[in-house]
Amino acid sequence: MPENTHIVSAFDKDLAEIQNKISEMGEHAAKVLTTALKAVKKRDAVLAQEAIDMDKVLDNFEEEIEERATQVIALRQPMAQDLRVLISAIKIATTLERIGDLSKNIARRALYLSDGGKIKITGSIVQMGKATRQQLDSIMTAHKSLDSDLAVEIWQTDVELDEMYNSIFREVVTYMMDDSRMIGAGSQLLFIAKNLERIGDHTTHISEMIYYIVNGKPLGDERPKGEPLGFRAED
Amino acid sequence: MTNVKISNRHVDVYYGDNHAIKDVSIDILDKTVTAFIGPSGCGKSTFLRCLNRMNDTISSCRITGDILMDGEDIYAKSVDPVQLRARVGMVFQKPNPFPKSIYDNVAYGPKIHGLVDNKTDLDEVVELSLKRAAIWKEVKDRLNESGTSLSGGQQQRLCIARAIATAPEVLLMDEPASALDPIATAQIEELIDELRHQYSVVIVTHSMQQAARVSQKTAFFHMGDMVEYGDTTEIFTNPVDQRTQDYITGRFG
Chain U
1 MPENTHIVSA
11 FDKDLAEIQN
21 KISEMGEHAA
31 KVLTTALKAV
41 KKRDAVLAQE
51 AIDMDKVLDN
61 FEEEIEERAT
71 QVIALRQPMA
81 QDLRVLISAI
91 KIATTLERIG
101 DLSKNIARRA
111 LYLSDGGKIK
121 ITGSIVQMGK
131 ATRQQLDSIM
141 TAHKSLDSDL
151 AVEIWQTDVE
161 LDEMYNSIFR
171 EVVTYMMDDS
181 RMIGAGSQLL
191 FIAKNLERIG
201 DHTTHISEMI
211 YYIVNGKPLG
221 DERPKGEPLG
231 FRAED
Chain H
1001 MTNVKISNRH
1011 VDVYYGDNHA
1021 IKDVSIDILD
1031 KTVTAFIGPS
1041 GCGKSTFLRC
1051 LNRMNDTISS
1061 CRITGDILMD
1071 GEDIYAKSVD
1081 PVQLRARVGM
1091 VFQKPNPFPK
1101 SIYDNVAYGP
1111 KIHGLVDNKT
1121 DLDEVVELSL
1131 KRAAIWKEVK
1141 DRLNESGTSL
1151 SGGQQQRLCI
1161 ARAIATAPEV
1171 LLMDEPASAL
1181 DPIATAQIEE
1191 LIDELRHQYS
1201 VVIVTHSMQQ
1211 AARVSQKTAF
1221 FHMGDMVEYG
1231 DTTEIFTNPV
1241 DQRTQDYITG
1251 RFG
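Sequences listed follow chains U and H, in order. Numbered according to my numbering, the first sequence spans residues 1 to 235. Numbered according to my numbering, the second sequence spans residues 1001 to 1253.
Any given hint might turn out to be false.
From the structure, some residues in chain U lie toward chain H, with a derived Cβ separation under 10 angstroms [what the hints assert, rightly or not]:
id, residue
1, His-6
2, Ile-7
3, Val-8
4, Phe-11
5, Lys-13
6, Pro-78
7, Met-79
8, Gln-81
9, Leu-83
10, Gly-216
11, Lys-217
Some chain H residues judged to face chain U by a derived CB distance under 7 angstroms, without partners named [claimed, not checked]:
id, residue
12, Gln-1209
13, Gly-1230
14, Asp-1231
15, Thr-1232
16, Phe-1236
17, Asn-1238
18, Pro-1239
19, Ile-1248
20, Thr-1249
21, Arg-1251
Hints listed in this document are in silico derivations from the structure and should not be mistaken for laboratory results. Glycine included, C-beta positions come from ideal geometry on N, C-alpha and C.
The whole structure should be built from the sequences, with the hints applied where relevant.
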């Protein structure tokens, strides 16, 4: 935020309230993801269901942020950075809601996995889950203090999640080729890894929003990305 | 995109000891609406009034630097300020129709400047000006009524008709809609958008939204300095100078 305060102090309050709502929403999205990941790790149907139920709250957050931002735009006619904060608030809320949906999807797959026996490969997924969760936490920190440099750093390091996904993909496919009884569970794991990779992409979208709020121009689309995947297990 | 109509180079304005405008250089483009914004006392109206020598009447006022319209120095000895003001029209904050008929309000300029030869031509100029000012339909059956009998918004459009009756090249507007209701304001803004196809329009306004709506170029003035000048979309979405940012977002500067 610019260091100077508005002459109309209620305007500052409105903006702060919306920024705080986004922080809250981010924390909640992180909780949904963590619960879903725990469910995967422990093959726990109760936790999985919990994560699925928690996601509903994110829809309310999104609606509330959208409504407040629209009201402030209508009532205060914001300009420059103020306007960017509000437009980005709407987009970030939508992004966090999608992150919630993807986490919910992970929980659904955990529900499926909870029926079966132990799967060796889950370890890498848990690792990737942790990294994703960390990335989500970092981006919410960057958002709170409008730290454009941190946002760019996260934007650049997302490639690590891409690479983790690629390696899990190879691992799981190899595993399924070895033992065709594992194809059902393996497919679920592939989707979980893909969902995590998508969550990573969404955090980079939030990076772009933060950069836009601070600098007033788009970050560009030269983001480093992982190599595209082939369909063979080993290249 | 467009060419320069009025070129201002290193313009300084003093009222006695008061240095009101400090080294301002700006090109006013043809067929473009340029908005001057800034807090009260920043010099935007003073600068606007330099462009048609309205400051000449203030004896303590001293202007240095160059103001060239189509390359000609408007402060040259050979330039008649009255003739200049026919080329650079002005509309003020408060509608100020002459206490004459609607017709005579518009006919006055073309008559004293000898722009028409006969009554038929004059009728035509009056009708065309009132039409361009988007007020013809409302007054065509009452042209002999007094200009002061009109509503505020109509009076302002009448003043615009009067200003464009002399076929000016530049139209200066000093807070032209600040005394009007939102509907009359919208009509004036619509009119400004129409006018820019023919004229170079410069508008001073305290309403940032109005500046954003009607202008293509915006200049921000602060304490006699022209802080920033650029495309209106840039000034209002991503200004370069912190003072501009603070002003347009309603913060203490």
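Right, here's what the structure says about each hint:
Given the 10 angstroms rule on beta carbons, the hint for His-6 (chain U) holds: about 5 angstroms separates it from the nearest Cβ of chain H. With a least beta-carbon distance of about 5 angstroms to chain H, the hint placing Ile-7 (chain U) at the interface is held under the 10 angstroms criterion. Because the closest C-beta pair between Val-8 (chain U) and chain H is about 6 angstroms apart, less than 10 angstroms, the hint holds. Interface hint at Phe-11 (chain U): satisfied, since its Cβ lies 7 angstroms from the closest Cβ of chain H, which is below the 10 angstroms cut-off.
Checking Lys-13 (chain U) against chain H by beta carbon gives a least distance of about 14 angstroms; that is not within 10 angstroms, so the hint is violated. Nearest Cβ of chain H to the Cβ of Pro-78 (chain U): about 7 angstroms, under the 10 angstroms cut. The hint holds. Annotation: interface hint on Met-79 (chain U) holds; nearest CB of chain H at approximately 4 angstroms, less than 10 angstroms. Interface restraint check: Gln-81 (chain U) against chain H, minimum CB-CB distance 7 angstroms, threshold 10 angstroms, status holds.
With a cut of 10 angstroms, the hint placing Leu-83 (chain U) at the interface with chain H holds, because the nearest CB-to-CB distance is about 7 angstroms. Of the supplied interface hints, the one on Gly-216 (chain U) holds, with its beta-carbon coming within about 3 angstroms of a beta-carbon of chain H, less than 10 angstroms. Look at Lys-217 (chain U): its Cβ gets to within about 7 angstroms of chain H, closer than 10 angstroms, so that hint holds up. This hint holds: Gln-1209 (chain H) has a C-beta 6 angstroms from the nearest C-beta of chain U, less than the 7 angstroms allowed.
At its closest, the beta carbon of Gly-1230 (chain H) sits 13 angstroms from a beta carbon of chain U; the interface hint therefore is violated under the 7 angstroms criterion. Because the closest C-beta pair between Asp-1231 (chain H) and chain U is about 13 angstroms apart, greater than 7 angstroms, the hint is violated. With a cut of 7 angstroms, the hint placing Thr-1232 (chain H) at the interface with chain U is violated, because the nearest CB-to-CB distance is about 11 angstroms. Among the interface hints, the one on Phe-1236 (chain H) holds; its C-beta lies about 5 angstroms from the nearest C-beta in chain U, closer than the 7 angstroms criterion.
Evaluation of the Asn-1238 (chain H) hint against chain U yields a held restraint, the C-beta minimum of about 3 angstroms falling below 7 angstroms. This hint holds: Pro-1239 (chain H) has a C-beta 6 angstroms from the nearest C-beta of chain U, less than the 7 angstroms allowed. Contact between Ile-1248 (chain H) and chain U, as hinted, is supported at the beta carbon level, the nearest pair being about 4 angstroms apart and thus within 7 angstroms. Given the 7 angstroms rule on beta carbons, the hint for Thr-1249 (chain H) holds: about 5 angstroms separates it from the nearest Cβ of chain U.
For the restraint placing Arg-1251 (chain H) at the interface with chain U, the shortest Cβ-Cβ distance is roughly 4 angstroms, inside the 7 angstroms limit, so the hint holds.
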